[in-house]
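Peer 1: Protein chains in written order, with the working numbering: chain A, 1 to 290; chain B, 291 to 550; chain C, 551 to 891.
Hints listed in this document are in silico derivations from the structure and should not be mistaken for laboratory results. Glycine included, every Cβ here is placed at the ideal spot set by N, Cα and C. Each hint should be verified, as a subset may be incorrect.
As the list claims (entries may be wrong) - Derived Cβ-Cβ restraints for the label pairs, each shown as a range:
(1) ASN354(B) x LEU258(A): 52 to 60 Å
(2) ALA173(A) x GLU455(B): 41 to 49 Å
(3) GLU527(B) x LEU775(C): 49 to 57 Å
(4) LEU76(A) x LEU648(C): 50 to 58 Å
(5) GLY348(B) x LEU775(C): 27 to 35 Å
(6) LEU839(C) x VAL153(A): 50 to 58 Å
(7) THR318(B) x VAL661(C): 52 to 60 Å
(8) ALA256(A) x THR649(C): 33 to 41 Å
(9) SER166(A) x GLN521(B): 51 to 59 Å
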Amino acid sequence: MTTYLVSVLNGLAMGSLLFAIALGLSLVFGMMDVLNLAHGAVYLVGAYVAVALVGDGAGVAPFVLSVLAAAVAGALLGGLLATLTRATPHHLDQALLTLGVALVVAEVLSAAFGNDVHSIAAPAPVGGGVTVLGETYPVYRLLVIGFGAVLAVAVYVLVERSPLGSLIRATVADRAMVAALGVNTGRVLVGVFAAGAALAAVGGVLAGPILGAQPGLDEKVLLLALVVVVIGGLGSVRGALLGAVLIGQVQALGTALLPEYAPFLVFAAMALVLLLRPAGLLPARSAVHA
Amino acid sequence: MTPLLELRGLTRSYGSLTAVDQVDLAITRGERHALIGPNGAGKSTLFATVAGTLRASGGSILLNGQDVTALPEAERARRGMVRTYQHSSLFLDCSVLDNVALAVQRVHRVAHRCDRAARRFRRTEAEARRHLDSVGLSGRTRDKAAALSHGERRQLEVAMVLAAEPALVMFDEPTAGMSAAETERFVALLERLPEELTVLVVEHDLDVVFRLARRVTVLHLGRVLASGPPQEIRADEEVRRAYLGAARTEDLFTEAGGPG
Amino acid sequence: MLDGTTPAVEPLRTGTADGADRPGRRRAVVTVAVVALLAATPLFLGPYPVTAMTRMLAFAVLVLGVDLLTGVTGLPSLGQAAYFGVGAYTAVLIGIHLTPDAMVQALGGLVMGLVAAAVTGWVAVRARGIVFLMLTLAIGESVHQLAGTWSTVGGSNGLAGMPPISLFGGPPLTAAGFVYWWVLAVAVLVFAGVALVVRSPYGRTLRGIRDNEARMRALGYRPALARYGVFCLAGAVAGAGGALWAQQARFVSPGDMGFEVAALALLSVVVGGPGSLWGPCLGAALVLLVRDNLSPSIGGHGPLVLGTVFIAVVLLAPRGLAGLTGARILAAARRRKENPS
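If we strip away everything but chain A, and leave its shape as in the complex, we get:
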């Protein structure tokens, strides 16, 4: 029983991180039909920022600093990506552009940090464990779960309740109509792109003490984020949350029970959802656009 509890908690922590990462990918796709293949690379930038600033020395200040630095770096990268993709009108071209950026960023990172596996320490005050139902569990992961919950509420309020949020939702639903109403969507699009990338980079820092940093991690994270977005429904915030929680659990259970086949379980979950609900569990639009 308690092993399952640990697995469920691990899944929730993973789900929180996945939500932070996948949110930007989903909204950028929903609002602009841009598939940002550099999203995993942005995440990895965040992870390496933590390697540079935190490393093994565990203090709260450097950790907070690296979160802020990652957010800035992510936002800058996101802004750059938004500018680049807006320079070409075709969606396939845009995806290829982000693919090029992903290759360049990954190569620069491996040139700067080498190909070794780096581990990142959790800040000292929360580096220990706490007893949950007779089982010791890292405090840091509980904090990550808490972060996920706060983020979910904050994003919900922002997207579902604020004027900016209604503009975002309207753009997802019908971009042409929003543009026809005379709203300049350009700044909102760049803003969402930058904010989503910043969140992904922050996710890289926060995931650091759990997943570390190494070349190739960008692909793994991109895959999980893609699956979350596909399962949840493209462009849907609630879908991203549900998908992240689901995939977090599948990942954790898979790692606990069938570590060899965990990637297969993730794929099977996606295939199953697509078989039953081709547009995802909570689609933002009634139909999946090509």
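Take the given structure of chain A and dock chains B and C to it, following the hints.
Peer 2: Relative to chain A, chains B and C alone:
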């Protein structure tokens, strides 16, 4: 005799808006039938619902006495119901010959053969050329469809539709955007269509309608206002009021091309 | 043969006018000359460049499969590396456990690539455009990571110790030149096969789907079926390419089927000009040349160069270096946007 196409209470609504409302219609084999009506009458919606591009919200569609309401568009096409589009819908990056051959090879059941080069399927190629000949495009078989003029694209559409060996051809505003000369050539082409072919045409140009059609159905606000031979329709008071009387406004909006 | 999308010599003119026959004959001459030149390569090049060219040929086979999807059918794919990997693993496993016979291995790779594509492809072919790209990437990455964790196939270490291939029960082919000739022979066969498909009625169907899927339905086609078919076919082609790749390296690891391989295969198609068959093959050679052979002389930063090439091609020459054919998928995508009915 069973009509070739029969609509029974066909309805299509978008939310609370009912674009096509309880339409009954029967078209016999070999008939030339025109569907007219002011903008917003529901012509295009009716057309798309019959073709299967849109799903019906109610009622049924019978082709040759068989209910096809639940069948997807491709299946209806296989049973002989082939449509054109208001804006030419071609395979622009393919050659003119390929455009027609795509229709022929489906009929000849060789569309998924990959063991020989397409040109070795001589019956298919010859058939495609015959159809291109019949619409006067035999000189342009190797050009890309994108290189054709607007009028030529319409001719190519006709060749494609005929090549699909339909029992019922549905033309959606075929002369829209054509010059007078192009319209004249196109109508002449339609007049030469094989006798046994059943034609349903949605058309704005009333001269074309009264020249081509043996029967005319007037649609107004999603309902059938009148249906009968052209001279009867011309004389119908109600039609005059609803439609012909509004010809002036009609002219203003002809180019707008919204959901007719 | 040069460009799969133009119908070659038309039957009615073949017998009548000599002029119409000439381009076809010229293409045949060029084809024979290129193949002869490629076949002669080991006679005047050393083993290292010959090995490099063997890899290019195997990679070009993968790229042909990607082109079949991306260029001919208009379905941009980032998942083909997975089937390439499946083919490579199959060939190595057959080589280690069953037989060194190169034909059995290549056939095994082809069949397993086909099976893997058939099992996973139905998820992807229901989508189009960018969503298709997204789903193929998810499939490809799942398979790639499965290879990295599954201990039966060596996990992240991969599988080493594959004996050299042999043909017709003969002695092991250890010389680079012999392996090259074998790979060249299979690559030419696959090229001819793909060229035939592209020019067949089925190829025409695929181009029809690329250009205007709604119209295909109105003509009575079931496009999803044809898309699934070409996906399986492209998987088989990629599997054959993977088997060739492994036969040269005699080793396979998850790195052979990763994101980067998929990205470079797509880059080769985009650089070469989607829809044409020669262009992407040249693109494949170019891309591998930069990644594997130029890399050491530029400080090992081949991927950096390729990433930059990617960005530059899209921004500066979005139609592909080899010509205007790249416009097609994009034009098709644009039309779908404008004309969603």
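Peer 1: Run every hint past the structure and note whether it holds.
Peer 2: Okay, the hints, checked on the actual structure:
A hinted range of 52 to 60 Å for the beta carbons of ASN354(B) and LEU258(A) is consistent with their spacing of about 56 Å. Separated by about 42 Å at the C-beta atoms, ALA173(A) and GLU455(B) satisfy the suggested range of 41 to 49 Å. For the hinted restraint 49 to 57 Å between GLU527(B) and LEU775(C), the CB-CB distance of approximately 53 Å keeps it satisfied. Restraint check, LEU76(A) to LEU648(C): a C-beta distance of roughly 54 Å satisfies the suggested window 50 to 58 Å.
For the pair GLY348(B) and LEU775(C), the beta carbons lie near 30 Å from each other, so the given range of 27 to 35 Å is met. Between LEU839(C) and VAL153(A) the CB atoms are about 53 Å apart, so this pair conforms to the stated range of 50 to 58 Å. Judged by the Cβ atoms, the range 52 to 60 Å given for THR318(B) and VAL661(C) holds: they are separated by roughly 55 Å. Remark: the range hint 33 to 41 Å for ALA256(A) to THR649(C) is upheld by a beta-carbon distance near 40 Å.
Between SER166(A) and GLN521(B), the C-beta spacing of about 57 Å keeps the proposed range 51 to 59 Å intact.
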